[in-house]
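As given, the protein sequences belong to chains B and Y, one line each in that order.
Residues in the first sequence are numbered consecutively from 1, following my numbering.
Residues in the second sequence are numbered consecutively from 1, following my numbering.
Calculated directly from the structure, the hints in this document are not laboratory data.
Careful, some of the hints might be misleading.
[What the hints assert, rightly or not] Each computed PhoX-like pair below joins lysine-lysine, with the alpha-carbon atoms no more than 20 Å apart: (1) B/205 x B/505; (2) B/538 x Y/134; (3) B/428 x B/505; (4) B/205 x B/428; (5) Y/90 x B/205.
These are the residues of each chain, in order.
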Amino acid sequence: MSADAATHDDHTPSMWDWRRWVFSTNHKDIGTMYLLFAIFAGIIGGGLSGLMRWELAEPGLQVFNNGFWGNEHNYNVATTMHGLIMIFFMVMPAMIGGFGNWFVPLMIGAPDMAFPRMNNISFWLLPFAFILAVMSMFVPGAGGDMGFGGGWVLYPPLSTSGHNGPAMDLLILSLHIAGVSSILGSINFITTIFNMRAPGMTIHKMPLFVWSVLVTVFLLLLSLPVLAGALTMLLTDRNFGTAFFAPEGGGDPVMYQHLFWFFGHPEVYILILPGFGIISHIVSTFSRKPIFGYLGMAYAMVAIGFIGFIVWAHHMYTVGMPVDLKAYFVAATMVIAVPTGIKIFSWIATMWGGSIEFRTPMMWAIGFIFLFTVGGVTGVVLANAGVDQALHDTYYVVAHFHYVLSLGAVFAIFAGWYYWFEKIFGVKYNSLFARLQFLFFFVGANIIFFPQHFLGLQGMPRRYVDYADGHAFWNMVSSWGYVVMLIGMAFFFLVLIDAIIRRRKADANPWGEGATTLEWTLSSPPPFHQFSELPKIK
Amino acid sequence: MPDLYGEAMRFLTAIALTWMTAAAGAFATPGQPTDGNLGFQPAVTPIMERINEFHNLLLWIIIPITIFVMGLLLWVMIRYNRKANPTPSKNSHNTLLEVVWTAVPILILVVIAVFSFPLLYFQDEIPEADFTIKATGYQWYWGYEYPDQDVPEYISTMVAEEDLAEGQLRNLSVDYPLVVPVGATVRLQVTAADVIHNWAMPAFGTKMDAIPGRINEAWFQVNEEGTYYGQCSELCGIRHAFMPIEVHAVSQDVFDAWVAAGPGSDEANAVIAEYSAARETRLAQLD
Ligand SMILES: [Cu+2]
Numbered sequence: 001m002s003a004d005a006a007t008h009d010d011h012t013p014s015m016w017d018w019r020r021w022v023f024s025t026n027h028k029d030i031g032t033m034y035l036l037f038a039i040f041a042g043i044i045g046g047g048l049s050g051l052m053r054w055e056l057a058e059p060g061l062q063v064f065n066n067g068f069w070g071n072e073h074n075y076n077v078a079t080t081m082h083g084l085i086m087i088f089f090m091v092m093p094a095m096i097g098g099f100g101n102w103f104v105p106l107m108i109g110a111p112d113m114a115f116p117r118m119n120n121i122s123f124w125l126l127p128f129a130f131i132l133a134v135m136s137m138f139v140p141g142a143g144g145d146m147g148f149g150g151g152w153v154l155y156p157p158l159s160t161s162g163h164n165g166p167a168m169d170l171l172i173l174s175l176h177i178a179g180v181s182s183i184l185g186s187i188n189f190i191t192t193i194f195n196m197r198a199p200g201m202t203i204h205k206m207p208l209f210v211w212s213v214l215v216t217v218f219l220l221l222l223s224l225p226v227l228a229g230a231l232t233m234l235l236t237d238r239n240f241g242t243a244f245f246a247p248e249g250g251g252d253p254v255m256y257q258h259l260f261w262f263f264g265h266p267e268v269y270i271l272i273l274p275g276f277g278i279i280s281h282i283v284s285t286f287s288r289k290p291i292f293g294y295l296g297m298a299y300a301m302v303a304i305g306f307i308g309f310i311v312w313a314h315h316m317y318t319v320g321m322p323v324d325l326k327a328y329f330v331a332a333t334m335v336i337a338v339p340t341g342i343k344i345f346s347w348i349a350t351m352w353g354g355s356i357e358f359r360t361p362m363m364w365a366i367g368f369i370f371l372f373t374v375g376g377v378t379g380v381v382l383a384n385a386g387v388d389q390a391l392h393d394t395y396y397v398v399a400h401f402h403y404v405l406s407l408g409a410v411f412a413i414f415a416g417w418y419y420w421f422e423k424i425f426g427v428k429y430n431s432l433f434a435r436l437q438f439l440f441f442f443v444g445a446n447i448i449f450f451p452q453h454f455l456g457l458q459g460m461p462r463r464y465v466d467y468a469d470g471h472a473f474w475n476m477v478s479s480w481g482y483v484v485m486l487i488g489m490a491f492f493f494l495v496l497i498d499a500i501i502r503r504r505k506a507d508a509n510p511w512g513e514g515a516t517t518l519e520w521t522l523s524s525p526p527p528f529h530q531f532s533e534l535p536k537i538k
Numbered sequence: 001m002p003d004l005y006g007e008a009m010r011f012l013t014a015i016a017l018t019w020m021t022a023a024a025g026a027f028a029t030p031g032q033p034t035d036g037n038l039g040f041q042p043a044v045t046p047i048m049e050r051i052n053e054f055h056n057l058l059l060w061i062i063i064p065i066t067i068f069v070m071g072l073l074l075w076v077m078i079r080y081n082r083k084a085n086p087t088p089s090k091n092s093h094n095t096l097l098e099v100v101w102t103a104v105p106i107l108i109l110v111v112i113a114v115f116s117f118p119l120l121y122f123q124d125e126i127p128e129a130d131f132t133i134k135a136t137g138y139q140w141y142w143g144y145e146y147p148d149q150d151v152p153e154y155i156s157t158m159v160a161e162e163d164l165a166e167g168q169l170r171n172l173s174v175d176y177p178l179v180v181p182v183g184a185t186v187r188l189q190v191t192a193a194d195v196i197h198n199w200a201m202p203a204f205g206t207k208m209d210a211i212p213g214r215i216n217e218a219w220f221q222v223n224e225e226g227t228y229y230g231q232c233s234e235l236c237g238i239r240h241a242f243m244p245i246e247v248h249a250v251s252q253d254v255f256d257a258w259v260a261a262g263p264g265s266d267e268a269n270a271v272i273a274e275y276s277a278a279r280e281t282r283l284a285q286l287d
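Chain Y on its own, in the form it takes in the complex (with noise of 0.2 Å):
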């Protein structure tokens, strides 16, 4: 490895910056992953708000309990080491701690099951939808078909790191996104034409394989304008790393003009281009 001094001054300017960051409030743009975040991307559907708080109470039990066996491996190391302890107790058996150890854990993980079931049918069990939208997985893209606005299905590929626009993320961004009203209860129908893919995106909370010969369910509604990337999340080749997904969320009526001007097309693309201009423009002034 050329230039280790560099390297690791490099290294060591990075975490300071981190650490300074996550000191001054964390921030982080939602819908895509943020340098040296430590936890989920922001929450911006129901079934991931759930997630995480679900999550924030598994962390509250985990942590605690890898506090306190680390508590206990440094209290036997210190108090029972042969200095301290020169002669060894020949216990070996004590029911109570042992009926003890093994009903606590018990107690905690119905208590993590009482929270769990609940989320687990929430996010399986699709409500009324708006509408359909079928994605199909490629080697190595995917393709989107709305039957119930009759658009027929358009191809969604990455856009090569030489072709980015101002604004477009490296391996994330793709030529022809897919658009959602905000608001509106989808249902995703998942499907794949030749191997495994996944559709996956952080920020909504989905994640479901597309598997040649099946069609899988799941749903989302988003509760926030903006643009969300995800990733395929199923090896799927040599372009596996390179099938990213993109979602924005607009008004309805940006939706509309959306369909009319017929996805996957150029005026398409302006449609969103003009909302997402306009929508920074009125974040600007909010600001």
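The shape of chain B in the complex, shown without the other chains (with noise of 0.2 Å):
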């Protein structure tokens, strides 16, 4: 790095040179390098849930019968591990460190994020925090069996003296770890949104994105230390001889539950927040109409962060929690469904009256609406302490957080990733390729997911690697979406091929009158540092 470099603001490094990332402040790169990682992580996390399927698919042990793959605890584990790493190493880099960093600074004409060289470590603490999270993997868990199989929740007294190895401790470490890359990113994206808009963006006229992110970043670093919290409180549990949730110590295991709900819950939104923001983005361009009922969008958003902190319990209904402590949270979260109802109805209307074109994001936020309607009915159904209490851990629930996260989360990404594709990459995709990606995963999520609602119906109860025979039918129709969702997947790395091996230069603004953001003023990728001079808003 010579100080010639350093006056040549507009100087890209070369993309061989490995300082360009490992020291990188730059916004752009490390957002390339989230997102990346997000892609890495969704390998090992999706290919968890293939060999979840396999051995679901029939009756019987197929998969974990103490042949390569190891026994019935290492089932727990890949449940457990496909849960983690789905959301701390998939959704939430690539919504909110690869699309936040990219897009959040372009979209309020800043130069950069407020603090670049935090934001460097917040990147690089991840690798280091999944690596961690793998190893637990194949080190003793419980008795002689490798890896931590307790599920994501963590829940005590299984993850203290139910597992005596040292994984659990490895994957507590993991989680503080991207617990603390994931606050300094909080306190890095509220600085840059507060201080650095360019002049004229008043809070009003900030991009729904921009707002989405600014609000899961407050959930972040809200309820983060709370987890942070109840994972130093099982350390010391399992290491040091305290009891805060052992009962024969005075403590209690519930106490565990209540605080890792108040993380647990607004993690939830953590994870769909900025795939709202994304949403409406889409809509509105390829409606190309504005956003219908902006404030009314950016505070919904708020509201349900809101709400998202006073509804944990909801997680924990037959726990034996008194009968008006249950009744409260019954109300407090059906009253999610009001703002949650209002983004939809207003994304329906932004596109009434509209011009709208069926590219090949418009096709995934279309999709994203319909199937997060139908998560989030299903929501409802399960916010009712009554009936929850025939559903709760069945595969009832399992069907409903996917349609949310899997499909909802996870669809939200992919229209971010094609309509942002040709601006962070420089070059054009196969938009076959992209729409049959698109085909694929919806009919096979659906596959998947839709006979689960019948399989909790029936009483199947989460997290078993081998069932009844009376629920044999859904589960192998349940396996076979997996192989079309697969199908998707593999459509999705020929868009990636075709787009290196074609390397058609991307325009500036591909999508048109209708994308009026500030990143579709720059080229196509933007320049290494944009916006030296802050463009002013009308």
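Hints are included, so try docking the two chains, each in its own frame, into the full complex.
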């Protein structure tokens, strides 16, 4: 790094220079690293779910039968790590670290993030957290069996006295580091959004994606310390003789659940809110209309974020809470349906009267709106503690949260991926392959998850390596859905390979007049440093 | 995956068979999952009956909402695509519309709440019970105790696949089941000795966490004689999927004979087996 390079700000370093990435302070480079990291983690997390669907394809033990893949404990490890990896190392890095880093500064007209070096450490903590998590699968967990198999919620006593090996300690360390990474990132985003908006961009003119990231990082900042506290108590319960959650020492396992879900419920909104922002831009762009009810959309997200903090115990209806407390959580939880409904209807109203073009990102966005609605209404069902008593911890719950996450958040990620692909990489993609990916994903994901509602109603508990023979049919259907989705994934990689080989130069704005946010005023890819002269917002 | 063609044919046949049986009138054995079924297991307690009714009400709300949203989406896709509508409107506000789509969902939620809370309180408030059963979760089996009948704790373990007798179900049948008299109001106390388990019985609408250091209470009143199966519903380790729950609902005198024979013994099992066989003959005669 010469002094010369530092003075010539528009000089883009070679992408083969490792220092560009390891020492990066550039929000776009860091965003790209986050996205590639998320793809890598997603392959591993998705592979684990493949093992699960393979195991569950028919009754009996197919995969985890003391052979190469281990025993029933290793199945539990697979479910646990699938959840943790997809949440902490796939969706969050893609949405917040990837798209957030790339487009928050661009959309508010800022040259970079507020703390570029902190941005570097936020990213580089993540691979180490991931390595620790993966390592945990290969060290003793419970008895002589490898890995932690207590579910992503890490409930004690199963995560304390139930797993005596070091796997759980590695996992705690991993989540601590991932949490530090997210908190640093959150501080960075809050400072950037509050202080670095271009002249004239008032808070009520901010693009909705920026709003969504702002709400998301506030949720992270307020909830992650509670998780960190709970994890630390697990760590000391395990290693230093404390008894926060051990009843024999006066502690309470249910206390852990309260702490965990005080983090865990906001966390599910953390996973979906940036997606709300992305979908708003795509719907507006391809309808060639401004977003309907902008202020309502922005404050619906604020409301969802706020209510997200006061509904946590709806994950715990069966722990034996007082009935009045359950009644409160039922009421509070159902309230969330109102701002969520506002968002769904506002998206449709944006399309209403529009001039809709079905480009690749729009297909993903429309798919998102429909599937998120399905996941939303089953959420209203589960909010009722009375019915939840029948459905809690069954496959109905698995179906519900995969409709909002696997089909909601993931569809939003792919919508954003194909919306901004040219902007990020500076090359066009093959939209036929991308559409085929959508088609296979839409069909496949529905075949996987819709029958799981039936399994849950019939009483099949979740996290089961083997089930009663009466659950065989829908499990087989569900597993075939995985195969369909896998074909979709193949098209995703074809898109990448095709783009790398053909390298067709991207346009600055491939979407036309509907694309109104600032990133489309820049070249594709944008210059290494943008907005050295700040744009003025009318 | 070997033999893709065979798998695919098996799959298609299974689909066809399922829909044919569904069309022929849904049949379901109470107390256990029925392959290919779409809804709850048949309800045999007042709690589960009410859950079922309330869930049906919810279906009448959520299915039309989903169809409504899907209809709106299809409509805008057809009516407002670029061919059909080349010039977009610039309309981005409509206060009345925004008030409506805030207020109507609130009203719907109020309707749901009106039916939801009575169910919740009905489940949670335990009526005058005839007797108490204490269930303790262990890694990986259940212990049952009848303090009012002076029955000490006996252990209930899943029957391994290779030991299954005629009529027993894989992953569901146990060696020494729980037995209750039909019509009796039973208070269930649930706890655990090691990690958290969950005592769940779909046909009863019962699901209660078994937490070390706590005693949780639930209740049920079984209206129909029969054998009912449930499974541990809180992840508890390697054999989580293999600590099922089996409950026999029998007449009062059979229950008394079972208690007298000493639950957890082969003699007590013989009482139940004889009774079940007799019931099957009786049912066969009724048909
Ligand atoms: Cu258990």
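Evaluation of the provided hints:
no.	hint	in the structure
1	B/205 x B/505	32 Å, violated
2	B/538 x Y/134	71 Å, violated
3	B/428 x B/505	6 Å, holds
4	B/205 x B/428	30 Å, violated
5	Y/90 x B/205	17 Å, holds
Hint violations for this structure: numbers 1, 2 and 4, all remaining hints satisfied.
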